[in-house]
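For the record, the sequence lines run as chains A and B. Each residue of the first sequence is one higher than the last, beginning at 408 in the working numbering. Each residue of the second sequence is one higher than the last, beginning at 9 in the working numbering.
Any given hint might turn out to be false.
These stretches of chain B come out as covered by chain A in the derived footprint (C-beta under 8 Å, 3 or more residues) [stated by the list, open to error]:
(1) 79-91
(2) 100-110
(3) 339-345
(4) 356-363
Among the chain B residues that face chain A by a calculated CB cut under 8 Å, a handful are [unchecked claim]:
(5) VAL76
(6) PRO332
(7) ALA333
Far from chain B by the CB rule (all over 12 Å, computed), these chain A residues [said to hold, decoys possible]:
(8) ARG471
(9) GLY509
(10) ASP763
(11) PRO815
(12) ASP822
Worth flagging that the hints you see were computed from the coordinates, not collected in a lab. Glycine included, C-beta positions come from ideal geometry on N, C-alpha and C.
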Amino acid sequence: MIEVAPSAAKARDRCEGLVRAGEALARRPVAEIVAVLATACARWRDPADPARREGERALSRHHRVPEAAIAQVLDAGFGAWTERALLDRVAVELGDAGAMDGFVELGGARRIAVGPRLAVALASRGVPTTPIGDAIDLLSVKAPVWIKPASGSDDLAARFAQTLREIDPGVGGAIEVAGWPRDAPAARAVLEAADLIVATGRDETLAGLGGLVGDGARLVLHGPRLSAAILTREALEVDLAACVSALADDVAFAGQAGCLSPVVAWIEGGGGERLLEAVHRACVERWPAPARRESEHRERAAWAEWAALADVERAGGTAGLVTGGLDSGWSIQWRARAEHPEPPPAPRILALAPLDEADVAVDLCARVRGRVATVGIAGTRAEIERLARPLAHAGVERVAPLGRMQHPPADWRRDGRPSVGDLVRWVDCEV
Amino acid sequence: MNETNSRRADRARRLTRDIEDARQREVARLDAEILEAIGRGWDDPLDEAAFDRLARDVFAHQFRFHAVYRQFCLLQGVGAPADVQDWREIPQVPTGAFRVGRWATFPSELDRAAFRTSGTTGSVRGVHHLDTLALYNAAIVSSARRYLVPERERIRCLFLSPEPRRAPDSSLVHMFAVFREALGGPGTSFLLTGETDCSGSEAMAAELDRAAAEQEAVLLAGAALAFHHALSGEGGEVWSLPPGSRAMVTGGFKGVRSQADPYLLSETIERKLGIARELQVAEYGMTELSTQYYDARLRRSLCAEDDSSGFVVPPWARVRIVEPADGREIADGDVGAIVHYDLANRGSALALQTSDLGARTGPHAFELRGRETGAEARGCSLAADLWLGGA
Chain A
408 MIEVAPSAAK ARDRCEGLVR AGEALARRPV AEIVAVLATA CARWRDPADP ARREGERALS
468 RHHRVPEAAI AQVLDAGFGA WTERALLDRV AVELGDAGAM DGFVELGGAR RIAVGPRLAV
528 ALASRGVPTT PIGDAIDLLS VKAPVWIKPA SGSDDLAARF AQTLREIDPG VGGAIEVAGW
588 PRDAPAARAV LEAADLIVAT GRDETLAGLG GLVGDGARLV LHGPRLSAAI LTREALEVDL
648 AACVSALADD VAFAGQAGCL SPVVAWIEGG GGERLLEAVH RACVERWPAP ARRESEHRER
708 AAWAEWAALA DVERAGGTAG LVTGGLDSGW SIQWRARAEH PEPPPAPRIL ALAPLDEADV
768 AVDLCARVRG RVATVGIAGT RAEIERLARP LAHAGVERVA PLGRMQHPPA DWRRDGRPSV
828 GDLVRWVDCE V
Chain B
9 MNETNSRRAD RARRLTRDIE DARQREVARL DAEILEAIGR GWDDPLDEAA FDRLARDVFA
69 HQFRFHAVYR QFCLLQGVGA PADVQDWREI PQVPTGAFRV GRWATFPSEL DRAAFRTSGT
129 TGSVRGVHHL DTLALYNAAI VSSARRYLVP ERERIRCLFL SPEPRRAPDS SLVHMFAVFR
189 EALGGPGTSF LLTGETDCSG SEAMAAELDR AAAEQEAVLL AGAALAFHHA LSGEGGEVWS
249 LPPGSRAMVT GGFKGVRSQA DPYLLSETIE RKLGIARELQ VAEYGMTELS TQYYDARLRR
309 SLCAEDDSSG FVVPPWARVR IVEPADGREI ADGDVGAIVH YDLANRGSAL ALQTSDLGAR
369 TGPHAFELRG RETGAEARGC SLAADLWLGG A
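One chain only, chain A, in its complex shape:
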């Protein structure tokens, strides 16, 4: 269970403790901090590590899926966070990793990058490792961080914080993972204490944040994103089974909870009806139907309305069959024509739709410009490179081979922005 901050006074005390831990971090070399983070990630990549094994069991219970499904999420989530990759990211984004430790020659001046005094990361429900990414980003710039998990989310972030404390109490002391009830006094106390708020969530949630944070605090907001897949004619002809497998790897990851899971797969040349059963089966294999919770009325009601609407569209000739349903946990729909990606009203819904030519996907993505996190393409390297540029101009933030959508590199520009470069303040010293 996520610890809940009990009162405003106690929350303020914890904030002060975090700030003190951050001051200690500021005196340590960034390479040393990154090494601690990378060691913790390595432990979470190790299937034999006791913390990871216990975490797999706990997350399996929480998400009501087999431990193997959780293991895949942990492997992918922690896979990219190696010491080299994390340090390179700081160096690339800041121009010199040493800028975190002192003034360095950069451009026309001597410059230092200063992380926030206290950051708060407000997480949304999604892929379990996403809040950990926020923590790693912030600790990489020596910022103490209070992570507020979304209500009802799992406790992976708290477990990761515990690992950090075991490896290095100094770094571990600079991270707090605790939530608070809606409108709790602790919320205002924590938000007012922070000078940087990183928040992930719906537009309206993010829009309401401005009035809650302290004077001068900076907001780094990650609004809703979605992803799409393109299965080119050539790739389907060469190896249809591999296309299905790669699509399911990306779609079913963490139960389609993250923004990198496609919500639509465009099938060049059409004929996607033949894929429905296979895609459905592959998704169920990767993330089986979670056992039903009686409290999940909203999700079931949203799915039921979607399913009825699918029948309406089928009756009107704009959509085809749906394979799967609530019982299997996955619903795969064939649509008569391709439309821009739209978030499904309930989890674990994928639309397949025909494209005459893969290039049409560019226009479809442009209709939701700034909302498409990743387009995964099953095609040759040349085809991916050919499509990448127009997709970039259509507002797509990342283009990846299908099957690799859930494996972005450590220096992935989430939302098209630098990961750590966005978090620091630059100070110039001209002498």
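With chain A's structure known, arrange chain B on it following the hints.
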């Protein structure tokens, strides 16, 4: 060959005309019966058998004259109207159907009104087409009279909304326009002029000053967010409205403004306007429906009758609370998806499936559960937020 084609075209025209004549005769008969049912209201309510017969007649009409609905019914295993033995078996249309195409049993040239669901930029808005406003208006007046002004003929109405000419496709504003005609007393007005006073708070202040000075009770009506915008300022004016003043609040906050709290709003209305909670009526409606639901607290307070808890379902409608996975009706008090059966929806969808959650609180009453924090922001309050430039 040309003669054959011409004969075929003539026959097709005659057939179309005959079908349209048949449709219009059926519409006239159904509308007369539905209007009578609404007119009988709560004094002589439709009994179960009468509702069942009329509901299945309306269903048969919709099955006959709406090709997509007919096809939809076939997919649900209903091959003919006679397959439905009870109103509960009528295939339910999801509200999303109003977004994906024209959902009406009549041709577009017969449209008398088209109300649009609220929506944010980029989202597709649903449209409820109406070939007559007679059923719609009758349902509005019958319920409003009973639950908003049970003890008087007319009352000065102050609407926290734009004037009808500025929002011709808003079902909420249309409802207020009907209020104005049917229940509105002298001084009734729409407060969101959309010029200098965006929140309506200045216009509202002037009207409330006037009501207080004249000791004339008012009905202040609007979406929850409109009330929130008008009253949420720190401090500000406080009125002690004349006895008998009341408020009608519709829609929740639905995630648009996370800092807004419906319970705080009720407290604010009481503190700033002097309208006691028992005179604050909650209304629940949706663009896709022709019938609205009210809670009975004002009627209970003023007339000492109607002990229904939650939203009361009028006699010409029914509500079922179902398990979303299989459509099975669930026990009183348990939470499920709300399914509406609205006779006044003769021209669109009698049976309407929503993803709103509710629980039955009595034989003809239900309460909403968690609509305010719904996954999809929609409804009257979202429209209000758009009028006020907030979304």
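Was the hint right that PRO332 of chain B lines chain A, CB cutoff 8 Å? At 4 Å from the nearest chain A Cβ, PRO332 of chain B passes the 8 Å test, so the hint holds.
Are there at least three residues in the segment 100-110 of chain B whose beta carbon sits under 8 Å from a beta carbon of chain A? holds (count 8)
Hint check: 8 Å Cβ-Cβ cutoff, VAL76 of chain B to chain A: Holds, about 5 Å.
Chain A over the segment 356-363 of chain B, status - at least 3 residues with CB closer than 8 Å: Since 3 is at least three, the answer is holds.
Take the segment 339-345 of chain B, compare each residue's beta carbon with every beta carbon of chain A, and decide whether three or more fall closer than 8 Å. With 3 residues close enough to chain A, the hint holds.
Hey, is ASP822 of chain A genuinely clear of chain B, shortest beta carbon separation above 12 Å? holds (18 Å)
Minimum Cβ-Cβ distance from ASP763 of chain A to chain B exceeds 12 Å: With a cut-off of 12 Å, ASP763 of chain A remains clear of chain B, as the shortest Cβ separation is near 22 Å.
Chain A over the segment 79-91 of chain B, status - at least 3 residues with CB closer than 8 Å: holds (count 5)
No chain B beta carbon within 12 Å of ARG471 of chain A's: Given a closest Cβ separation of 16 Å, the condition holds.
Least C-beta distance from PRO815 of chain A to chain B larger than 12 Å: Non-interface label stands for PRO815 of chain A: nearest chain B Cβ at 26 Å, farther than 12 Å.
Measuring from the C-beta of ALA333 of chain B to each C-beta in chain A, is the shortest one below 8 Å? holds (5 Å)
Would you assess whether GLY509 of chain A, listed as outside the interface, keeps its beta-carbon beyond 12 Å of every beta-carbon in chain B? holds (41 Å)
Hint violations for this structure: none, all hints satisfied.
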